[in-house]
Amino acid sequence: MHLLEYYQNQLPNSDFFVTRKCQLPLEGDINLYGVRGSGKTSLVLDYLAEVAQEQVLYIDLEDPNLIFNTLETLTLQQYIDKNAIHILVLDHYEEGILSSYPNVTQLILVTRIALQDQNFISVELFPLDYEEFLAFENTSAQNRGFNHFLRSGTLPLLARSQKNSQHTMKTFFQSSFDSQEQKLLLLLAQHHTKHLTTHQIYTFAKEKFKVSKDWLYRTIKRFTEEKLILFIDDRYQKSGKKMLLFDFAFAKYLTLGQPFILQFDTMIALALMKHHIGVKTLGIHGYITDDDELIIPAPFESEESLWVKSQNKFSLYKKYGIQKVTIITVANAYEYDIEKLHFEALPFDEWSVINDEED
54 MHLLEYYQNQ LPNSDFFVTR KCQLPLEGDI NLYGVRGSGK TSLVLDYLAE
104 VAQEQVLYID LEDPNLIFNT LETLTLQQYI DKNAIHILVL DHYEEGILSS
154 YPNVTQLILV TRIALQDQNF ISVELFPLDY EEFLAFENTS AQNRGFNHFL
204 RSGTLPLLAR SQKNSQHTMK TFFQSSFDSQ EQKLLLLLAQ HHTKHLTTHQ
254 IYTFAKEKFK VSKDWLYRTI KRFTEEKLIL FIDDRYQKSG KKMLLFDFAF
304 AKYLTLGQPF ILQFDTMIAL ALMKHHIGVK TLGIHGYITD DDELIIPAPF
354 ESEESLWVKS QNKFSLYKKY GIQKVTIITV ANAYEYDIEK LHFEALPFDE
404 WSVINDEED
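Just so we're aligned, residue 54 is where the sequence shown starts under our numbering, counting upward by one.
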């Protein structure tokens, strides 16, 4: 009881919070979930800032004080009833920590992977999209837009970091993953954007460090469920799926060098997924949506160059039923038609905003 009283009196606050597009409903039990580093805790603390503190009990289950103090439903319920708690938040919750949930006006469970319990309103929080990043950026002294986004990536902690971003990334890497997970992430970063199977990842891993097959398969499954890594099916290649790490700047940090085109490609793929646009890869030609729109990353390519390539690939586009081709660039904008197929090039910042409006 003393520990619960301590938690109630020590409600943390979220300094420098910038409003996110994702909002928590005011009523109903909530499962807020998302990849580590996406800003879940800050979102919850901002939500709690609007509620009378005496009605809130926030518990971070990673608090070391809980190592020798087991959290039990009965004790929680007694404290909730005695102190008229309306909102209970269990941060860093994992399925099965409690055998049953206490009865409270609103229960918020913050997890990395979505719970299977249908009684909760599921709210997924992704890392920042480009518009959200600019909102973070505008709170700083300088506005560096796209270039800063490219360097900092999509993690809120990095977006706020005006100096020592490498140090911030290192801190995130070392504090969020154990040593074995770190080794696996380093390996995955080396194969970022490649078509892979889990078996291939295991084969590469055992050449680099001591690892069991069971652990690797289990960890890849968990990373995939959390969306730390993403596997994208290919429309016509059946051997392996394109593997992406969840943040392009994080992937670059873990490798000695990464070509700009790989970063740009990942930015586009992640933007599509954050806006819930289903895609597959079309070999090396780009991403194809469920509506048969082909998205081609081409950061610096001119209209003349793309037109020639489009002519050469036109039979492929017809074969796979492409209805529209969108070319994503850094700054160029142009459009043309080949027969009845429309091609349009848009700068990334303009394209990402359009996708957000359509979401």
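Think of the hints as simulated: they come from the structure by calculation, not from any bench.
Just so we're clear, the structure is a prediction, and the values are computed from it rather than from any experiment.
You may find that some hints are simply not true.
[Stated by the list, open to error] Each computed DSSO-like pair below joins lysine-lysine, with the alpha-carbon atoms no more than 30 Å apart:
1. K362 x K333
2. K294 x K280
3. K135 x K74
4. K291 x K266
5. K259 x K294
6. K372 x K393
query = Any of the earlier hints contradicted here, and which numbers?
reply = Violated hint (a single one): 3; every other hint is consistent with the structure.
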